[in-house]
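Visitor: Build the full structure now, drawing on both the sequences and the hints.
For reference, the chains in residue letters:
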Amino acid sequence: MSEKLYPVSIEVNGKARSAQVPARLSLVDFLREELRLTGTHVGCEHGICGACSVMLDGEPVRSCLMFAVQADGHHLTTVEGLAQADGSLSILQDSFCEAHGLQCGYCTPGMLIASQALLNETPNPSEAQIRDAIGGNLCRCTGYRQIVDAVQLAASRLAAEKK
Amino acid sequence: MKSAAFEYVRASSLAEVCAALHDSADETKLIAGGQSLVPMMAMRLTRPARLIDINEIDALKLITVDHNFVRTGACTRQCVIARDAALGAALPLLKQALEWVGHVQTRNRGTVGGSLVHADPAAEMPLVAQILGAQMVLRSHAGTRTVGAAEFFEGPLATATRPDECLEEIHWPVWAEQRTGSAFTEISRRHGDFALVAAAAQIAVDENGVCTRVSFGLAGGGYIPMAFPQLAARLVGGTLDDEAVQSVVNDAASEFDPGGDLHASPEYRRHLAVVLAARMLRAAYDDARKAS
Chain A
1 MSEKLYPVSI EVNGKARSAQ VPARLSLVDF LREELRLTGT HVGCEHGICG ACSVMLDGEP
61 VRSCLMFAVQ ADGHHLTTVE GLAQADGSLS ILQDSFCEAH GLQCGYCTPG MLIASQALLN
121 ETPNPSEAQI RDAIGGNLCR CTGYRQIVDA VQLAASRLAA EKK
Chain B
1 MKSAAFEYVR ASSLAEVCAA LHDSADETKL IAGGQSLVPM MAMRLTRPAR LIDINEIDAL
61 KLITVDHNFV RTGACTRQCV IARDAALGAA LPLLKQALEW VGHVQTRNRG TVGGSLVHAD
121 PAAEMPLVAQ ILGAQMVLRS HAGTRTVGAA EFFEGPLATA TRPDECLEEI HWPVWAEQRT
181 GSAFTEISRR HGDFALVAAA AQIAVDENGV CTRVSFGLAG GGYIPMAFPQ LAARLVGGTL
241 DDEAVQSVVN DAASEFDPGG DLHASPEYRR HLAVVLAARM LRAAYDDARK AS
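Order-wise, the sequence lines are chains A and B. Its first residue numbered 1, the first sequence is counted upward by one per residue in this note's numbering. Its first residue numbered 1, the second sequence is counted upward by one per residue in this note's numbering.
Mixed in with the good hints there might be a few duds.
[To be verified] Calculated cross-link-like contacts (lysine-lysine; reagent style BS3-like; alpha-carbon spacing at most 30 Å):
1) B:Lys2 x A:Lys4
2) A:Lys15 x B:Lys61
3) B:Lys29 x B:Lys95
4) A:Lys15 x A:Lys4
5) B:Lys2 x A:Lys15
6) B:Lys95 x B:Lys61
7) B:Lys29 x B:Lys61
8) B:Lys290 x B:Lys95
9) A:Lys162 x A:Lys15
10) B:Lys2 x B:Lys29
11) B:Lys29 x A:Lys4
Since the hints were made in silico from the structure, they are not lab data.
Guide: This is how it looks when you write it as structure tokens:
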């Protein structure tokens, strides 16, 4: 017997996407396997590592802790949605490259979503605010120092751009 | 897909939830933020046959603040409560505790009501509910009833909520005393992880610094989060001298009787309970004396 499917319509990175999904399909699996948006990473799959962070209606959440069907009618931004319209890196993404805010890259999409959400609310964050914002994201490579540097660099570049 | 298969119902009203539960509560779970339930489903520690989603019910997302009570809805998110200035002024302890709950991403989705009905013995919200004597309003097809925190928490992941009931809202008593102070702390492996031990206190003092009302509690490693009203009463009428505090927190740690696991031994947890409870009583007292 095949599993019951539920209709979902979600706006992902500004584009309307619709599908029929089983209720138990997690949002992150939906993004990666149905929509082929593989920028969002699957890490621990039980809400500890933060690699799967996406923005739900503008706020960062863990996409492994939601079922795709629950996102029906909502807006999502994934790491793919942070890039500029022409596909080039955003200032935050470029700052991660510049400041060596990544090594293996596994945590990076979650780090970018968490930091972008912070910068959206707090354009000039303190180091403590940055560390709090990425406190739910594990990185096993960088020791976090360069990630904090990258967010600070992005904040100063964004401020300079506004002037 | 990590969870076992289930039927999904997105409820649009509490009446719909109660009707569905009345119809059949068998193997049905309600999902609010899902920050504890979904990992348990992913690990197949629980495999409900039906999930009723209450996330889209706006009536369950209220916050109202008045002189006697703060009311929060069952599905009011932790981040919304943490940001609410009027609530923070009326219930500083709840706000202080939320700083220890999970991380930004989990607080954006997690709900205070969900934390209460999930009733993890190491969780912060149940401890605050115990210390303040919160009242849980439970609704079923038959009507509503109100259960106080002292009767609500029955054991690890077990509450007085019946299978056909849904938490509707929580009433948090606001202390009328002007000179009221509070404090919350915990020790965990990583900030935002489950507490090895959490301790919190709320104290009111008169103009001479004499305690007129004291409440404190402990969570983590025990059976349920606990407040100690009889022990706290011993501190009323005094100025929180070291000897009185030490005797009260020693008795509290004995009553709390934390167990051990691979994260911490019973001895270490008991030590933390004594130290943190004493520290929070003093911090709440200092906070009360500063308040005007």
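Visitor: For the pair supplied as a hint, Lys2 (chain B) and Lys29 (chain B), confirm whether the alpha-carbon distance does not exceed 30 Å.
Guide: Cα-Cα ~17 Å, so holds.
Visitor: Holds or violated: are the alpha carbons of Lys162 (chain A) and Lys15 (chain A) at most 30 Å from each other?
Guide: At roughly 27 Å apart (the allowed maximum being 30 Å), Lys15 (chain A) and Lys162 (chain A) satisfy the hint.
Visitor: Going straight from one Cα to the other, do Lys29 (chain B) and Lys4 (chain A) come out at no more than 30 Å?
Guide: Holds, because 18 Å separates the two Cα atoms, which is no more than 30 Å.
Visitor: Is the Cα-Cα distance between Lys29 (chain B) and Lys95 (chain B) 30 Å or less?
Guide: Between Lys29 (chain B) and Lys95 (chain B) the Cα gap is close to 28 Å, so the pair holds against 30 Å.
Visitor: For the pair supplied as a hint, Lys2 (chain B) and Lys4 (chain A), confirm whether the alpha-carbon distance does not exceed 30 Å.
Guide: The hint holds at about 16 Å.
Visitor: Sort out whether Lys4 (chain A) lies within 30 Å of Lys15 (chain A), counting only the CA atoms.
Guide: Holds. Lys15 (chain A) to Lys4 (chain A) sits at ~26 Å (cutoff 30 Å).
Visitor: Between the alpha carbons of Lys290 (chain B) and Lys95 (chain B), is the straight-line distance 30 Å or under?
Guide: Judged against 30 Å, a Cα distance of about 18 Å means the pair holds.
Visitor: Take a quick look at whether Lys15 (chain A) and Lys61 (chain B) sit within 30 Å of each other, Cα to Cα.
Guide: 28 Å, holds
Visitor: Would you mind confirming whether the straight-line C-alpha gap from Lys2 (chain B) to Lys15 (chain A) stays at or under 30 Å?
Guide: 27 Å, holds
Visitor: Check whether the Cα positions of Lys29 (chain B) and Lys61 (chain B) lie no farther apart than 30 Å.
Guide: Measuring from Cα to Cα gives roughly 19 Å; hence the hint holds.
Visitor: Does the alpha-carbon distance linking Lys95 (chain B) and Lys61 (chain B) stay inside the 30 Å limit?
Guide: 17 Å, holds
Consistency with the previously given hints is maintained throughout, with no hint failing.
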